[in-house]
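There are 2 protein chains.
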Amino acid sequence: MAFASSSTGHLPLPTPSTKRSLLAPCAAHRTPDAATVVELPHQKQPSNFTANLRTTLSNLLRLHLTPKPESSLENLAIALTADRRSPTESPKEDVSPLCSELHGSSDWSHLLNPLHRWLRREIVKYGEFSQAIYDAFDFNPFSEYCGSCLYNRRRLFDNLGLAKNGYNVTKYIYAMSHIELPRWLERSIRADTWSEDSNWMGYVAVSDDTESRRIGCRDIVVAWRGTIAPAEWFENLQGKLEPLGSDHGDVKVEHGFLSIYTSKSDATRYNKSSASEQVMEEIKHLVSFYRERGEQVSLTVTGHSLGGALALLNANEAASAIPDLPVRVVSFGAPRVGNIAFGEKLEEMKVKILRVVVKQDVVPKMPGIRFNEGIKKFENVTGTLDWVYTHFGLELELDVRSSPYLKRGLDVGGFHNLESYLHLVDGYLSSDTEFRLDARRDVALVNKASGILREELRIPPCWYQSANKGLVCNSYGRRVQPQRDPEDIPSPDRTGPMTCHN
Amino acid sequence: MAFASSSTGHLPLPTPSTKRSLLAPCAAHRTPDAATVVELPHQKQPSNFTANLRTTLSNLLRLHLTPKPESSLENLAIALTADRRSPTESPKEDVSPLCSELHGSSDWSHLLNPLHRWLRREIVKYGEFSQAIYDAFDFNPFSEYCGSCLYNRRRLFDNLGLAKNGYNVTKYIYAMSHIELPRWLERSIRADTWSEDSNWMGYVAVSDDTESRRIGCRDIVVAWRGTIAPAEWFENLQGKLEPLGSDHGDVKVEHGFLSIYTSKSDATRYNKSSASEQVMEEIKHLVSFYRERGEQVSLTVTGHSLGGALALLNANEAASAIPDLPVRVVSFGAPRVGNIAFGEKLEEMKVKILRVVVKQDVVPKMPGIRFNEGIKKFENVTGTLDWVYTHFGLELELDVRSSPYLKRGLDVGGFHNLESYLHLVDGYLSSDTEFRLDARRDVALVNKASGILREELRIPPCWYQSANKGLVCNSYGRRVQPQRDPEDIPSPDRTGPMTCHN
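Protein sequence lines, in the order shown, are assigned to chains D and W.
Heads up: the first sequence runs through residues 1 to 502, numbered per the numbering used here.
Heads up: the second sequence runs through residues 1 to 502, numbered per the numbering used here.
Calculated directly from the structure, the hints in this document are not laboratory data.
Be a bit skeptical, because a hint or two may be false.
Some chain W residues flagged as far from chain D (calculated, every beta-carbon gap over 10 angstroms) [as the list claims (entries may be wrong)]:
(1) Pro91
(2) Arg121
(3) Ala136
(4) Glu211
(5) Gly249
(6) Thr268
(7) Ser273
(8) Ser274
(9) His285
(10) Glu292
(11) Leu325
(12) Leu437
(13) Ser491
The calculated lysine to aspartate or glutamate pairs, modelled on EDC-like cross-linking and capped at a C-alpha distance of 20 angstroms, are [to be verified]:
(14) W:Lys469 <-> W:Asp485
(15) D:Lys469 <-> W:Glu455
(16) W:Lys469 <-> D:Glu455
(17) D:Lys407 <-> D:Glu434
(18) D:Lys164 <-> D:Asp94
(19) D:Lys92 <-> D:Glu211
(20) D:Lys345 <-> D:Asp250
(21) D:Lys350 <-> D:Asp324
(22) D:Lys469 <-> D:Asp135
(23) W:Lys469 <-> W:Asp135
(24) D:Lys469 <-> W:Asp135
(25) W:Lys284 <-> W:Glu295
(26) W:Lys164 <-> W:Asp208
(27) W:Lys469 <-> D:Glu456
(28) W:Lys469 <-> D:Asp135
(29) D:Lys164 <-> D:Asp209
(30) D:Lys469 <-> W:Glu456
(31) D:Lys345 <-> D:Glu242
Even for Gly, the Cβ is constructed at its ideal location relative to N, Cα and C.
Given these sequences and hints, build the entire structure.
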């Protein structure tokens with residue numbers, strides 16, 4: 001499909017600076033004001049540990065050193081004043097003329113640098129679909145439903161303010177793992193829990209009629225959950241590659257990711273079928289349903305961190321199973337997943353992969369660098385693994401230093417946080433321009449689960465929390481764990497295929 | 001006044017086991033399951049540090065000895081089931097026949113062991129007045145009003161559910177300190193803060209007509225705020241005693257407490273007069289107002305931790321300044337305040353002091369034991385300070401092991417927490433009986449700011465928190481610090497004397 005001119009302006013010219021990269025050396029890491037945790041000025045204490053960690057990290061991530069001038073506080077102040085009294089929503093434009101390009105048919109070559117506003121909005125949309133899983137996940141170990149979604153699929157987007165995107169959730173996906181993977185599974189401390197083995201791991205959604213018209217096709221989305229303990233978690237990837245399926249002896253992927261994607265057990269309630277079987281059943285069902293109606297159908301698989309890894313496995317399976325289905329992956333801060341043969345297979349099947357990566361984030365450099373939580377340092381194992389685990393697809397590289405809203409210090413968690421990614425995408429124009437000050441996304445969202453926003457913004461760190469940790473007062477005046485609405489209680493019956501509804 | 005028999009039963013007989021104690025040796029500390037922080041079972045890791053800290057603490061606090069059997073889980077389960085569907089409020093009974101005794105005229109000798117239910121309810125009432133200051137304190141450093149009360153004085157009790165007690169707040173007290181006392185003052189990070197120097201430090205309230213009739217006198221209450229970092233904070237008491245006033249050369253009190261109570265500066269907005277001057281002006285005003293109406297007036301000063309220390313200084317000043325005013329102190333987990341001469345002076349003036357003390361709490365043993373945060377151990381300095389700093393008055397000693405709801409491990413913060421105190425008072429019958437299972441106070445309150453409740457209760461640790469740390473969505477969909485209602489914004493004008501209103 002050729003470029004169609006839009007009513008509001010011309011399309012950007014292609015530039016060569018988007019890259020099919022392996023490990024990209026990072027340019028600079030500016031200030032000595034390093035802090036891995038959020039500290040207020042009056043609590044701040046210099047520590048040898050922090051200094052050593054910074055040095056180790058800088059060396060490993062090659063964060064040397066041309067200082068970049070800090071955006072002026074005056075600009076920030078101006079932006080702030082404007083920011084609080086301006087709309088957060090971008091205009092809804094008809095992007096169907098670019099349907100194929102936005103889906104990656106030309107490897108986004110004309111749209112990435114500078115970043116076309118239509119693609120930017122699409123990336124943010126998929127990022128919000130990934131973020132939704134964190135926002136609606138029941139992390140409370142005192143809840144009997146810990147590890148499930150707080151809401152049923154019909155209420156998910158409404159409750160999170162995402163109904164604006166014009167999608168309906170058709171199925172929830174649950175996963176388990178036969179391999180012991182610490183801090184992956186969130187579990188209730190209660191004996192009478194909904195599930196001992198499984199976690200809510202993602203969902204399938206489909207664009208409604210209005211959105212489908214706007215984007216030019218019926219878009220099936222699968223969003224996969226990440227993990228909240230990235231550095232510790234990825235430490236446990238021991239670099240064990242496992243053959244993927246019986247037909248592809250040389251295609252190998254990380255066995256931990258594969259375990260989550262494929263594990264099942266008749267002894268469980270939610271994983272009598274694997275995440276792979278659940279999601280593929282729904283995708284096949286939706287594709288045939290809409291194809292029978294004569295519609296053009298596409299699949300977009302998205303996820304952050306671990307979720308980005310699962311997205312690749314899912315995209316690979318879908319492209320193998322459903323001929324001629326356009327399959328796209330939009331991942332955020334995803335680690336490496338498999339070997340070169342895996343990448344070649346994906347390319348062969350024309351799976352389009354857009355990897356959004358913050359260059360200061362360590363997770364996309366794993367496996368390859370391992371974080372040893374016990375002694376709080378990073379070990380470089382690139383020499384043995386780098387050539388084995390490989391990244392594929394196009395990379396959109398973001399830089400935390402581009403945003404005047406973010407702190408300059410080292411913040412491993414903040415760099416990896418999905419809301420930081422969405423903020424940086426929202427402000428991204430091109431690889432050599434400043435953060436756009438007319439970005440509309442609410443900057444406060446960045447601190448939902450991190451403390452990387454500058455203090456001048458007056459947004460508390462990690463503010464996303466429920467009143468009284470969800471406790472409610474019962475009619476006797478006692479604080480108790482709330483009863484869930486019956487329709488929000490997970491049930492294996494509700495995980496089966498749904499009739500589509502648009 | 002003689003004992004009057006109540007309609008529901010006889011009064012307890014006096015026993016000698018309530019004591020005017022110095023450092024009381026504690027009996028036992030049962031299990032090896034020590035944890036200074038809240039950990040879930042699957043996160044629990046044994047540590048040498050914890051073990052060493054336990055040993056050090058055990059030795060210093062003399063916590064050896066006879067293991068006490070753990071209350072059975074069956075009993076707990078029964079209590080739990082009943083607990084969630086039973087009233088939390090105690091009956092309101094006419095206690096005026098015991099007005100004088102409840103005020104300590106006979107040193108509570110007939111009411112403490114066993115603890116008379118009327119006295120128990122009065123103690124809980126004053127404890128709730130102290131707790132109110134923690135619950136309504138703005139701890140948010142990103143708020144421009146950090147360090148003030150979230151609500152104006154007319155709304156305080158309503159917003160906290162304490163209107164039931166039948167008191168009206170007449171004045172807020174603000175304090176500053178000329179001595180550098182780390183982690184005492186809560187401060188905003190913002191330049192445009194309401195106050196750089198002062199914190200809300202307490203309030204004066206007075207019983208309304210109905211409550212005054214019920215208790216037999218017009219009760220003026222002063223409640224003083226404690227500190228949330230007890231162990232670190234009290235470490236900073238260097239054992240410097242300072243003469244109290246010009247007339248009493250041998251009466252000496254801790255200079256840190258005295259500094260908070262008496263500091264003032266014309267350069268500040270809220271402490272042009274000291275806390276002492278503010279509170280004494282209001283007390284004198286109220287006493288003369290109600291005495292002119294021919295009413296019997298009494299003063300009760302209460303506080304937890306640091307607040308208990310300030311209560312003693314305040315009681316001393318009030319008793320000195322206002323002849324014939326019955327003055328009572330009900331303190332919770334208060335440290336030692338002054339020397340023996342200070343105690344003798346209080347006794348001479350017939351100030352009645354009821355010290356509620358959890359025997360596992362270290363703060364009442366300070367000064368005398370110092371906590372060294374840097375090397376995480378307690379140093380016993382009793383040899384040099386114990387004879388200098390002295391406790392006065394009657395002690396009601398509580399034992400965390402008496403409650404089947406509380407964990408058995410070491411929890412320095414949990415032992416000192418005011419809600420733990422109120423829970424233990426609520427369940428206290430006598431020094432040699434079990435926790436009463438018909439106690440009505442909501443057990444969940446204990447975990448407001450600690451994690452000392454047993455996990456079986458399914459109450460998350462430290463659950464007292466606001467939704468999204470107080471951020472609200474403005475009309476543009478952006479998260480912002482909320483605007484306070486103008487009437488809740490602290491103003492020096494509003495700290496002046498008020499006309500009484502009942």
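Hints, verified against the model:
1. Consistency note on Pro91 (chain W): stated as away from chain D, and its beta-carbon is indeed over 10 angstroms from all of that chain's, at 15 angstroms minimum.
2. The beta carbon of Arg121 (chain W) sits about 16 angstroms from the closest Cβ of chain D, which is more than 10 angstroms, so the claim that it is off the interface holds.
3. Ala136 (chain W), annotated as away from the interface, keeps every beta carbon of chain D farther than 10 angstroms; the closest lies near 15 angstroms.
4. Residue-level check passed: Glu211 (chain W) sits 20 angstroms from the nearest beta carbon of chain D, beyond 10 angstroms.
5. With a minimum CB-CB distance of about 38 angstroms to chain D, Gly249 (chain W) clears the 10 angstroms threshold, and the non-interface call stands.
6. At roughly 19 angstroms from the closest C-beta of chain D, the C-beta of Thr268 (chain W) stays outside 10 angstroms, upholding its exclusion from the interface.
7. The claim that Ser273 (chain W) is not at the interface with chain D holds, since no C-beta of that chain comes within 10 angstroms of its own (minimum 27 angstroms).
8. Consistency note on Ser274 (chain W): stated as away from chain D, and its beta-carbon is indeed over 10 angstroms from all of that chain's, at 24 angstroms minimum.
9. The claim that His285 (chain W) is not at the interface with chain D holds, since no C-beta of that chain comes within 10 angstroms of its own (minimum 35 angstroms).
10. Distance check for Glu292 (chain W) against chain D: the nearest CB is about 39 angstroms away, which clears 10 angstroms, and the non-interface claim stands.
11. For Leu325 (chain W), the condition that its CB be more than 10 angstroms from all CB atoms of chain D holds, with the nearest at approximately 36 angstroms.
12. Every C-beta of chain D lies more than 10 angstroms from that of Leu437 (chain W), the closest at about 15 angstroms, which supports listing it as non-interface.
13. Residue placement check: Ser491 (chain W) keeps its beta carbon more than 10 angstroms from all beta carbons of chain D (closest about 22 angstroms).
14. Of the supplied pair hints, the one linking Lys469 (chain W) and Asp485 (chain W) holds, its CA atoms being roughly 17 angstroms apart against a limit of 20 angstroms.
15. Our distance criterion of 20 angstroms between C-alpha atoms is met by Lys469 (chain D) and Glu455 (chain W), whose separation comes to about 15 angstroms.
16. Using a Cα cut-off of 20 angstroms, the hinted pair Lys469 (chain W) and Glu455 (chain D) holds, with the two alpha carbons roughly 15 angstroms apart.
17. Between the alpha carbons of Lys407 (chain D) and Glu434 (chain D) the distance comes to roughly 16 angstroms, so the proposed pair stays at or under 20 angstroms and holds.
18. With a C-alpha separation of about 15 angstroms, the suggested pair Lys164 (chain D) and Asp94 (chain D) falls inside the 20 angstroms cut-off, and the hint holds.
19. At roughly 10 angstroms between alpha-carbon atoms, Lys92 (chain D) and Glu211 (chain D) fall within 20 angstroms of each other, so this suggested pair holds.
20. Among the hinted pairs, Lys345 (chain D) with Asp250 (chain D) is consistent with the structure: their alpha-carbon atoms are about 10 angstroms apart, no more than 20 angstroms.
21. Restraint check: the Cα-Cα separation between Lys350 (chain D) and Asp324 (chain D) comes to about 9 angstroms, which is no more than 20 angstroms; the hinted pair holds.
22. Of the supplied pair hints, the one linking Lys469 (chain D) and Asp135 (chain D) holds, its CA atoms being roughly 14 angstroms apart against a limit of 20 angstroms.
23. The straight-line distance between the Cα atoms of Lys469 (chain W) and Asp135 (chain W) is roughly 14 angstroms, inside the 20 angstroms bound, and the hint therefore holds.
24. The straight-line distance between the Cα atoms of Lys469 (chain D) and Asp135 (chain W) is roughly 16 angstroms, inside the 20 angstroms bound, and the hint therefore holds.
25. Pair hint Lys284 (chain W) plus Glu295 (chain W) holds up; C-alpha atoms about 14 angstroms apart against a cutoff of 20 angstroms.
26. Distance restraint check for Lys164 (chain W) and Asp208 (chain W): the Cα-Cα separation of roughly 11 angstroms lies within the 20 angstroms cut-off, and the hinted pair is therefore satisfied.
27. Note on Lys469 (chain W) and Glu456 (chain D): the hinted pairing holds, with a Cα-Cα distance of about 17 angstroms set against a maximum of 20 angstroms.
28. With a CA separation close to 16 angstroms, the supplied pair Lys469 (chain W) and Asp135 (chain D) stays within the 20 angstroms bound.
29. For the hint linking Lys164 (chain D) to Asp209 (chain D), the alpha-carbon distance of about 13 angstroms falls within 20 angstroms, and the restraint holds.
30. Taking the CA atoms of Lys469 (chain D) and Glu456 (chain W), the gap is near 17 angstroms; set against the 20 angstroms cutoff, the hint holds.
31. Taking the CA atoms of Lys345 (chain D) and Glu242 (chain D), the gap is about 15 angstroms. The hint holds against a cut of 20 angstroms.
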